[in-house]
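Colleague: All chains, please: the whole structure from these sequences, using the hints.
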Amino acid sequence: MKVQKFSLSDAKLERSPGQDADIFVGNLVDERHGGPVTIGYGRYAPNQSLTETMAVHDTMIILQGRLSVSTADGTVTAGPGDIVYMPKGESVTIATEGEGALTAYVTYPHWAEAHEG
Numbered sequence: 114m115k116v117q118k119f120s121l122s123d124a125k126l127e128r129s130p131g132q133d134a135d136i137f138v139g140n141l142v143d144e145r146h147g148g149p150v151t152i153g154y155g156r157y158a159p160n161q162s163l164t165e166t167m168a169v170h171d172t173m174i175i176l177q178g179r180l181s182v183s184t185a186d187g188t189v190t191a192g193p194g195d196i197v198y199m200p201k202g203e204s205v206t207i208a209t210e211g212e213g214a215l216t217a218y219v220t221y222p223h224w225a226e227a228h229e230g
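Going by the numbering used here, the sequence shown opens with residue 114, and the numbers climb by one from there.
Simulated from the structure, these hints should not be mistaken for laboratory data.
Hints should not be assumed to be uniformly reliable.
[Stated by the list, open to error] Derived Cβ-Cβ restraints for the label pairs, each shown as a range:
| no. | residue 1 | residue 2 | range |
| --- | --- | --- | --- |
| 1 | 115 | 185 | 38 to 44 Å |
| 2 | 123 | 202 | 28 to 34 Å |
| 3 | 210 | 184 | 17 to 23 Å |
| 4 | 194 | 221 | 21 to 27 Å |
| 5 | 159 | 201 | 25 to 31 Å |
| 6 | 204 | 118 | 33 to 39 Å |
For each residue, glycine too, the CB sits at the ideal point set by N, CA and C.
Modeller: Right under this line is the structure:
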């Protein structure tokens, strides 16, 4: 791989696999590109909630809006500039309230492969 720059306009946002909420993701680099991580953007509409057990290690950077991530240990709320790390195996609920959120993410390993396997 070579050094590359990406913008939101480069991402093809699609509904996140296995859920029907208004939550969309778009990979920019993944297993198809030969790198060790997946990077992309996520868009969460207002008043959405997604609960899942993390299949990969996921680092989420909040670019716009606010969201909360709840686990058995409690809830963290994050806004623009904040980073939330969700380790593989952790059960999380990601929720937005009135404004929704735009995020960027880095996962290890590739989340699409983890969801297929």
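Colleague: State, for the Cβ atoms of residue 204 and residue 118, whether the hinted interval 33 to 39 Å holds or is violated.
Modeller: 35 Å, holds
Colleague: Assuming the hint says 28 to 34 Å, is it satisfied by the Cβ distance from residue 123 to residue 202 or not?
Modeller: Holds: the Cβ-Cβ distance is about 31 Å, inside 28 to 34 Å.
Colleague: Can you let me know if the beta-carbon spacing of residue 159 and residue 201 is within 25 to 31 Å?
Modeller: At roughly 28 Å between Cβ atoms, residue 201 and residue 159 fall inside 25 to 31 Å, so the hint holds.
Colleague: Starting from the range 17 to 23 Å, see whether the pair residue 210 and residue 184 falls in it by beta-carbon distance.
Modeller: 18 Å, holds
Colleague: For the pair residue 194 and residue 221, does the Cβ-Cβ distance stay inside 21 to 27 Å?
Modeller: With a Cβ separation near 22 Å, residue 194 and residue 221 satisfy 21 to 27 Å, so the hint holds.
Colleague: CB of residue 115 to CB of residue 185, is that within 38 to 44 Å?
Modeller: 42 Å Cβ-Cβ, so the 38 to 44 Å window holds.
In the structure shown, no violation is registered for any of the earlier numbered hints.
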